[in-house]
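Enquirer: Work the whole structure out from these sequences, hints included.
Listed in order, the protein sequences are those of chains C and P.
Residue numbering for the first sequence follows this note's numbering, starting at 132 and increasing by one per position.
Residue numbering for the second sequence follows this note's numbering, starting at 191 and increasing by one per position.
Don't read these hints as lab results, they were simulated from the structure.
Remember, predicted model here, so these are calculated numbers, not experimental data.
No residue lacks a Cβ here, since even glycine has one placed at the ideal position from N, Cα and C.
A couple of the hints might just be wrong.
Ranges of calculated distance between the beta carbons of each label pair, as one might list FRET restraints [as the list claims (entries may be wrong)]: (1) P:T214 - C:E263: 46 to 54 Å; (2) P:T312 - C:E263: 26 to 34 Å; (3) P:K253 - C:E263: 38 to 46 Å; (4) C:N238 - P:W208: 50 to 58 Å; (5) P:T214 - C:T262: 14 to 22 Å; (6) C:N319 - P:H390: 30 to 38 Å; (7) C:L338 - P:W208: 46 to 54 Å; (8) C:E263 - P:R232: 25 to 33 Å; (9) C:N213 - P:D231: 23 to 31 Å; (10) P:T383 - C:N213: 49 to 57 Å; (11) C:G280 - P:D231: 36 to 44 Å; (12) C:D183 - P:M250: 54 to 62 Å; (13) P:H390 - C:T262: 29 to 37 Å.
Below are the DSS-like pairs computed for lysine-lysine, each with C-alpha atoms no more than 30 Å apart in a straight line [what the hints assert, rightly or not]: (14) P:K245 - C:K258; (15) P:K212 - C:K271; (16) P:K245 - P:K324.
Each chain, written out:
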Amino acid sequence: MTAAEMVNEFGIRYAMEINDSVPGWEDDEIYSFLNKAQRKTVEDLYLRRNFDLLKELLWRVIITGLFDYGALAEATNGYYFNMSSSIPGGYPYLYYVQSWSRVTRTNPTMTSTLVKNQSISLDNVDKFAVTEANKPFFLKPAAFFDRTGTDEIFVVLYDYYTTNLDRLYFEYIREPNDIASGVDCELNSSLHDSIVDLAVTYAIETLESPRVNTQPAVNQDNAEAVDANILGKETR
Amino acid sequence: MTVAEMHFEFQILLETMWDEFKETERPDSFTVLKYLNLAQDRYIKDKYLSNPNMKANVEMVQKKTDDLRNIIKRSNTGLFATIITGPDNKYLVGLPSDYLFFIRADFKITRTDLPVVTNAWTPGRVTDYDEVSKITTGVYNIPILPEPVIVFEESDNMVVFKDSYTTLVDMETTYLRQPYSMVIDSAGANETTTCELAEHTHEEITRLAVEMFTMEYKFRLQTKNSEA
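Expert: Here is the structure:
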């Protein structure tokens, strides 16, 4: 579906759900619902952690960025880069998918072999760090995110037997382009239908939202309070 | 297998047993080495030194010298110097600091009779403690001992008995020394980067180490659960 077709489809489905006395939505508002639905769809798919499905449905927004490890900051048995300042590929980053490293090591011997990084939890980093008491063995470099303040640092650790990491392949989901007039949805067309459905649901929820329903009353109360305040001041 | 290879084997065995050992419960290399060293000691004890008496253990060690050849040590340096002359033809010999288990001892002796020899080497004989009264020279017992007899009487000493016709000139002991501590690299004194027992035992030692680790882990887990 093109963006215009999605808007049309939204109108039809919305009309089926809502009686005629309720006013419709402007195109900008419909795009806002569609974009919200698009983001939610990406998030739900990501949380299912099914990489095959992700690749199938979101391939247009999955980016593989390359980094030469030599250009990265070096930590003890590891490398890192700050996601806030240098995203490989340069797109707005949304979710991490996976990463690969080119590894040279002994036990077993590998020379510039592409190995998928394993994701580890920040809690367990000490088990993978090389120290006096720990000379760890793991074939897959260990990757994790360390978030502090405004920085989001992506770190890759290698084991005691790895002699060199020369390249990082960083795969992530970028933010899909906002659906707008002339800008179609980038997700797989099989998702468009459900995105429109979800957008309609959001629109209906907005109508039913107490915030929307109480807004005029609240405004009126505020106005009355302001009036009272002004009058009070004048009386004094 | 090098110690590093045993470390990999240990880690891989653990990971195939339970996914938690991949990350959350992953042991550090210090812990792995601790269990590998413990397993090596236990393996030696269970496999070669578990017989009910010393004689049987000596025989077992002699049969399995191929497995243990790297930790069999022959030494006379200092041994004879430490011999303390005792009464009644009894001598106390201090054991080397790296001693683990006795295999054999040879003595250079000079005898004045039965038979007459001068500076000849002869193997010593190990006996049990209950024979001590028969080989001790005393007022009512003057034994004839063609070869010196060894009894293990104190923790870091062996007692050598000889008869009145013998003079001890020198002594050479063959024994099982304590295996060096296994380390991954940068081996210092009394450390090694390759397990010293025969290659075919390495797999078994690693499995034993994993078994010991998981047993302790289960115990810790049970304790933790019961506390919770």
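Enquirer: Can you tell me whether the CB distance of T214 (chain P) to E263 (chain C) sits inside 46 to 54 Å?
Expert: Violated, since T214 (chain P) and E263 (chain C) (Cβ atoms, about 23 Å apart) do not stay within the stated range.
Enquirer: Note whether the CB distance of E263 (chain C) and R232 (chain P) lies within 25 to 33 Å or breaks it.
Expert: 26 Å, holds
Enquirer: CB of T312 (chain P) to CB of E263 (chain C), is that within 26 to 34 Å?
Expert: Violated, at about 51 Å.
Enquirer: Does K271 (chain C) lie within 30 Å of K212 (chain P) when you go C-alpha to C-alpha?
Expert: Holds - the C-alpha atoms of K271 (chain C) and K212 (chain P) are around 11 Å apart, at most 30 Å.
Enquirer: Holds or violated: are the alpha carbons of K245 (chain P) and K324 (chain P) at most 30 Å from each other?
Expert: Roughly 18 Å separates the two Cα atoms, so the pair holds.
Enquirer: Looking only at beta-carbon atoms, does the pair N238 (chain C), W208 (chain P) fall within the given range of 50 to 58 Å?
Expert: 23 Å, violated
Enquirer: Do the beta carbons of D183 (chain C) and M250 (chain P) sit within 54 to 62 Å of each other?
Expert: Since the Cβ atoms of D183 (chain C) and M250 (chain P) sit about 58 Å apart, the hinted range of 54 to 62 Å holds.
Enquirer: Do T383 (chain P) and N213 (chain C) keep their Cβ atoms within the hinted range of 49 to 57 Å?
Expert: 39 Å, violated
Enquirer: Lying within 38 to 46 Å: is that true of the beta-carbon distance K253 (chain P) to E263 (chain C)?
Expert: 41 Å, holds
Enquirer: Regarding N319 (chain C) and H390 (chain P), is the given constraint of 30 to 38 Å on their beta-carbon distance met?
Expert: 57 Å, violated
Enquirer: Does the hinted range 36 to 44 Å hold for G280 (chain C) and D231 (chain P) at CB?
Expert: For D231 (chain P) against G280 (chain C), whose Cβ atoms are near 50 Å apart, the range 36 to 44 Å is violated.
Enquirer: Does the Cβ pair H390 (chain P), T262 (chain C) satisfy 29 to 37 Å?
Expert: 33 Å, holds
Violated hints, in rising order: 1, 2, 4, 6, 9, 10, 11, 14; the structure is consistent with all others.
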